[in-house]
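Following the hints, position chain B against chain A.
There are 2 protein chains.
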Amino acid sequence: MCYICRVGLIEAVPNVSEGRRPEVIEALASALADSPGIDLLNAASDAAHNRTVFTLVGEGAALRTAILALYATAVERIDLRSHAGEHPRIGAVDVVPLVPLDPLDMPVCISVATELGAAIAEGFSIPVFLYEEAAQVPDRRRLETIRRGGFEGLRDKMRAEIWRPDFGPSTPHPSTGASAIGARRMLIAYNVNLETGDLDIARRIARAVRASNGGLAAVKAIGVRTAQPDVVQVSINLVDYERTSLHRVFESVQREADQLGVGIRGSEIVGLVPAAALLPAATRQLRLADFTMDQILECRLLR
Amino acid sequence: MCYICRVGLIEAVPNVSEGRRPEVIEALASALADSPGIDLLNAASDAAHNRTVFTLVGEGAALRTAILALYATAVERIDLRSHAGEHPRIGAVDVVPLVPLDPLDMPVCISVATELGAAIAEGFSIPVFLYEEAAQVPDRRRLETIRRGGFEGLRDKMRAEIWRPDFGPSTPHPSTGASAIGARRMLIAYNVNLETGDLDIARRIARAVRASNGGLAAVKAIGVRTAQPDVVQVSINLVDYERTSLHRVFESVQREADQLGVGIRGSEIVGLVPAAALLPAATRQLRLADFTMDQILECRLLR
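So the protein sequences, as listed, match chains A and B. If you use the numbering used here, the first sequence closes out at 828, no skipped numbers anywhere. If you use the numbering used here, the second sequence closes out at 828, no skipped numbers anywhere.
Check each hint, because a few of them may be wrong.
Any copy will do: because identical chains look the same in the list, a pair fits if it lies in one copy or spans two.
[As the list claims (entries may be wrong)] As a list, the in silico SDA-like pairs of lysine to any residue whose alpha-carbon atoms are at most 25 Å apart: (1) Lys745 - Ala814; (2) Lys745 - Phe816; (3) Lys745 - Arg812; (4) Lys745 - Arg809; (5) Lys682 - Gly610; (6) Lys745 - Asp815.
FYI, nobody ran anything at the bench for these hints, they're computed from the structure.
The shape of chain A in the complex, shown without the other chains (with noise of 0.2 Å):
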């Protein structure tokens, strides 16, 4: 695995239906974990979601069999008809995005999705959908279209021929459903919060700053409740940050809370973020002139 020249590098990001059960979220860590050619880079557990989602970095081939192991221990550890949880989900192992870590990998990532979807559904009889830059139907390409109704309306919605999987029977798997795999480029969960408990507060401003309302962009955003009562949360999906960068997203939202008479309490980044995507902000707050990418030491390591 070449770490100095990112070309065929990609980042894995499997989100399993489990988030409640320390040994079988360590069962599932350690499979991937003690599979060769990867670094499992992280694991982040919501036991209100029952979800956990693993980050690990490799090229194609040990990817695809770290992943087929985790599979493996998924298959005999979860059964979705006694899950329940939070999030929306079809599978056990739910979805399977595939990142290049260099843009321009992303045909690379799109076979890797492919193959691996074909080797899922062979070594495990679970039906799989490609999605997003993967998709072969163009109805396929957003997420939440294959994931609308769930693992409890999986077997209804697969009557219909249009949901025929991509790899795989017709039917979904009995304890672990289906699957999503699917490659696209990085995406950043990046949160604002806000001094109210007000749910209608960060909801509007959520309208306010996303793409689908017409608002910036790269920006999926939703308002949240969170853990205190007295603070909701623009939680935001960055789905490309050379298009739109973080600190736009934090200044409309911060726009439109003034607006609103609603002050700031922080902002977070949930998981991993490129260099790439927080360097504008601190161009911006350093009021710094020409500089680029080239002069972050670590980012030079990495060709």
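Only chain B this time, still in chain A's reference frame:
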């Protein structure tokens, strides 16, 4: 050379007294770049200073070979007896600081500097002074002390017993002078440009923010003119960005400029900077809470 695990990885920043003749600069750069096991990351020439600063990264043994190749070319192509330039210097290869990428590797850097100094003296009959963390004499910790008097005053200076070099002959090399070889923490060259042509203002602000006059702990600063007559500059060396952050430096300069009724044109980083030094400015701009370097993808990959 291991870019995954930075242990043992060292940055060398040789400063060579040639910034005007392109063919000589080219030959010097080739001597480094053609040496195995190192990465030449940067070469910045300044014609007014008549000086070029190279940045290369590698393990100790490979750096030593590369820098000895640089000396071979410099000895052949540079004659300080006919060299003029604004920057103080005592040698054709004036100074070679070695910087650990992992701060814990300072002891490794010190021994690489010491071995390199001995090899330079041995191979080229050039007197070598060890400085900063590599200094074996307390008075030689500060590079300024070693360099005071320049090449022109070196022969006289070295007549004193206290200026007997750490390695090599007790008189300067006739054409290439002497060299200072040292080990130090990573330094950030950071300049803030002011909306005025009044050099005195830049000097007053430099005095207000620098450690030597009771300002910020890790800051060295002077006021200088720029190529634009209506812009002067606070030219800063930040010698420990973990102790004093870049944004703290910027905000201090901004506060002093405000007091004097002068605007900030912008700031600039010269050369390379570790991601860790920019991060605090980004987190401040985005009001990020609970963010750690561990969340930066590139930094995880460099482990």
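Structure-based check of each hint:
1. Lys745 - Ala814: Cα proximity of lysine 745 and alanine 814: across copies only (21 Å, versus 30 Å in one copy).
2. Lys745 - Phe816: between (29 Å within a copy, 22 Å between copies)
3. Lys745 - Arg812: Between copies, since 20 Å is at most 25 Å while 28 Å is not.
4. Lys745 - Arg809: Result: close both inside a copy and across copies, 23 Å intra and 23 Å inter.
5. Lys682 - Gly610: within (21 Å within a copy, 78 Å between copies)
6. Lys745 - Asp815: between (30 Å within a copy, 23 Å between copies)
Violation of the numbered hints given earlier is absent; every hint is satisfied by the structure.
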